[in-house]
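Go by the hints and put chain P onto chain D.
Quick note, the sequences are listed as chains D and P, same order. Residue numbering for the first sequence is 1 to 174, as defined by our numbering. Residue numbering for the second sequence is 1001 to 1152, as defined by our numbering.
Just to be clear, a hint being listed does not mean it is correct.
Pairs of lysine-lysine residues, derived as DSS-like cross-links and limited to a Cα-Cα distance of at most 27 Å, are as follows [to be verified]:
no.	chain 1	residue 1	chain 2	residue 2
1	P	K1060	D	K158
2	P	K1060	D	K173
3	P	K1060	P	K1113
4	D	K173	D	K113
5	P	K1113	P	K1141
6	D	K158	D	K125
No lab work stands behind these hints, which were simulated from the structure alone.
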Amino acid sequence: MAGLVERLTRSVAQRTSRRSFLVRLGKLAIGGAMLPLLPIDRVASKAHAQTMNQGHAVSGSGEDDTTCDYWRYCAFDGFLCACCGGSITECPAGTIASPTAWVGSCRHPGEAKEYIVAYRDCCGKGQCNRCMCNNNQGEMPIYRTQLNNDLVWCFGAKEMAYHCTTAVILGQKA
Amino acid sequence: MKRLLLATIILALAMPVIAGAPPPPSHQQYPPPIQLYMMNCWGCHQTGGEGTPGAVPRFKDTVGNFLRVPGGRGYLVEVPGVAGSALSNAQIAQVLNWLLVAFSKPQLPSGFKPYTETEVALYRPHELNDIRAVRADLVAKLAARGIALPRQ
Chain D
1 MAGLVERLTR SVAQRTSRRS FLVRLGKLAI GGAMLPLLPI DRVASKAHAQ
51 TMNQGHAVSG SGEDDTTCDY WRYCAFDGFL CACCGGSITE CPAGTIASPT
101 AWVGSCRHPG EAKEYIVAYR DCCGKGQCNR CMCNNNQGEM PIYRTQLNND
151 LVWCFGAKEM AYHCTTAVIL GQKA
Chain P
1001 MKRLLLATII LALAMPVIAG APPPPSHQQY PPPIQLYMMN CWGCHQTGGE
1051 GTPGAVPRFK DTVGNFLRVP GGRGYLVEVP GVAGSALSNA QIAQVLNWLL
1101 VAFSKPQLPS GFKPYTETEV ALYRPHELND IRAVRADLVA KLAARGIALP
1151 RQ
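With the rest of the complex left out, here is chain D (with noise of 0.2 Å):
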């Protein structure tokens, strides 16, 4: 065994050497760093929704805000703040709540109204991975951005990286 190890060890030396390692190494690091701040990374996110619930049932009663399906999350795309530290309405500490918001609307099932929420992504900080919810109401596609979902709607912030993101009442729809 430890014949092999040497062997392998010693043909890996030859073919390599330790500033390639460090290279790649390096770049590994770098693009490691760079994930968060593409503009774009709820999308591989969403084949984990269920896994990264972390404890919060997917189905829950509507009336929990750790859940996807309370009403006020119709149209929510990302993690809740409200299991990453934070509440429904603010940002985890040392996150910063974006300048910019996307808007939908939900239909509250008690009072069978529709109110307008803003859906404002708590930006500064890597990704929360706790209550992962991809519910979409009303989203178009991603060259409508404007009212697409899937985008990190940090532009504006100081920091593009993406944690979680708020559900705010704006109003009720006429």
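Same frame as chain D, now just chain P:
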């Protein structure tokens, strides 16, 4: 005047949302032009039309100036956020007429004529291939008249 007053009151009520204070569930109903603004423009241009420096153009005390120079009236319809929106031509006319008065009344030229659905239909298909150059040209025309506007 009543309309402007109503808009001011509504915008003032919405201010805590911008300031980040957790608002109670609001039952505020908006008149149609304001609702169009809230649903389609507010997310970027913000409650008072402040925009975001370097990212989103400002409306407040600014946007009405574009109607003072040739090409400016069409520009406000041709910009991608308006021309490419999901709004009908009539809705675009409605929301533009509202925001011009609500955010930038003092800057409007005397004898301001509101946009019509037909006029929006005329401008809307014209694509701005180089929006920065078009804006820079309009800003230069305004500067020649002593009106300073941000380049973005």
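Inset, instruction - Sort out whether K1113 of chain P lies within 27 Å of K1060 of chain P, counting only the CA atoms. - result: holds (19 Å)
Inset, instruction - Could you grab the alpha-carbon distance between K158 of chain D and K125 of chain D and see if it respects the 27 Å cut-off? - result: Since the Cα atoms of K158 of chain D and K125 of chain D sit roughly 11 Å apart, the hinted pair holds (cutoff 27 Å).
Inset, instruction - For the pair supplied as a hint, K1060 of chain P and K173 of chain D, confirm whether the alpha-carbon distance does not exceed 27 Å. - result: holds (24 Å)
Legend entry - Hint consistency between K1113 of chain P and K1141 of chain P [alpha-carbon to alpha-carbon, up to 27 Å]: holds (21 Å)
Inset, instruction - Assess, step by step, whether the Cα of K173 of chain D is no farther than 27 Å from the Cα of K113 of chain D, and give holds or violated. - result: It holds: about 8 Å lies between the C-alpha atoms, which stays within 27 Å.
Legend entry - 27 Å limit on alpha-carbon distance, applied to hinted pair K1060 of chain P and K158 of chain D: holds (22 Å)
The structure shown violates none of the earlier numbered hints.
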